[in-house]
Amino acid sequence: MVAGIIGATGYVGVELVRLLLAHPEVSSLALSSVSFEGQNIVDVYPNLRGMLRGKTDGVLTGADAVVAAADVVFTALPHGVAEQYADACVKQGKKLIDLSADFRFDEDEATFVEWYKKPYAFPAMHSESVYGLPEMNREKIRKARVIGNPGCYVTAATLALLPLLEKGLAKTDCVIVDAKSGITGTGRNPSEKNNYSESGESFAPYNVGKHRHQPEIARNCSKAAGKPVNVLFTPHLLPMSRGIIATVYAQTVRPVTEEEVFAIFAERYAEEPFVRVLPLGDTATTKNVRLSNWCDLSIHVVNGGNTVEIVSAIDNMVKGAAGQAVQNMNLISGFPETMGIDAIPAAF
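As numbered in my numbering, the sequence shown has no gaps in its residue numbers, which increase by one up to the final residue, 359.
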């Protein structure tokens, strides 16, 4: 199979390159970049030197050439750009997995416009698209031609909340998501936020009350609960390169025990290949999922059994982005779901 990446030189794009070079069913890679078109990716990312494995010569072409060459196209682009490539892929009988927000809201254009300030350019594509969180939408993903990969914070928060909301155990008037991300979450382009002098030796929230992942988290929670869920979401930036830790707080409709909540989570995720429900007494950490597609969840019941705290840890570049996209590629291609993304997390 030929895989194509439009936007191969951003952080998410090059993480896709890393994973797809090791994927046994990907025979060839087609790569594009607006910023570095005509250059070789090994000159942009020297870590790839000698690692291309005959799957690509590394030359970064235009996006149209990638669409023409590939069977499955990944778009790792700014918001509001991917729809044109989805339209081209569908017309040519190809499949597309988008890692921006363009296809995360299905046909709910009003919410997308409210938060991203852009209307849909190809509205018909949104009746084609499927939201790409396998733990929620696996069977729909298998049949999809266009997939909207979830946001990184959204993945961590949603996996922490699904079991409680599906069982009706969490109150829905105010669920709190307190999340922290590594610097790669801000992207590769230089900014004040990712400047070392600003972010090093510092820790601060950002986009308080207005982060674009908030409506996506709320939508997922509301679907799981079967009714509207009010989500209070605050992201923070950590002075480390990768990883997300989300601490989620939910008031319960009745007192619960840790053993009861653990049993609910263990049952819900028993067949999930990339979710680990940690033993009671353990706490999820970013270190234990680094460079992997795993999500670790730890369970903590406080406040006399009336509050559940779930700590959720993922690698924001893998399960939060590129790894989950490859997981979706496996599903739409009929490959084993874990193929190419089942690496053991790094120990340090």
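Treat each hint with caution, since some may be false.
Unchecked claim - Pairs of lysine to any residue residues, derived as SDA-like cross-links and limited to a Cα-Cα distance of at most 25 angstroms, are as follows: (1) Lys66 <-> Lys105; (2) Lys151 <-> His90; (3) Lys234 <-> Phe359; (4) Lys298 <-> Phe359; (5) Lys106 <-> Asp119; (6) Lys106 <-> Asp82; (7) Lys66 <-> Ala79; (8) Lys178 <-> Arg265; (9) Lys221 <-> Arg265; (10) Lys106 <-> Ile343; (11) Lys178 <-> Glu146.
Hints were generated in silico from the structure; no laboratory data involved.
For each hint, the structure was consulted:
no. : hint              : verdict
1   : Lys66 <-> Lys105  : 19 angstroms, holds
2   : Lys151 <-> His90  : 23 angstroms, holds
3   : Lys234 <-> Phe359 : 37 angstroms, violated
4   : Lys298 <-> Phe359 : 6 angstroms, holds
5   : Lys106 <-> Asp119 : 22 angstroms, holds
6   : Lys106 <-> Asp82  : 7 angstroms, holds
7   : Lys66 <-> Ala79   : 17 angstroms, holds
8   : Lys178 <-> Arg265 : 12 angstroms, holds
9   : Lys221 <-> Arg265 : 31 angstroms, violated
10  : Lys106 <-> Ile343 : 8 angstroms, holds
11  : Lys178 <-> Glu146 : 16 angstroms, holds
Consistency note: the structure conflicts with the earlier hints numbered 3 and 9.
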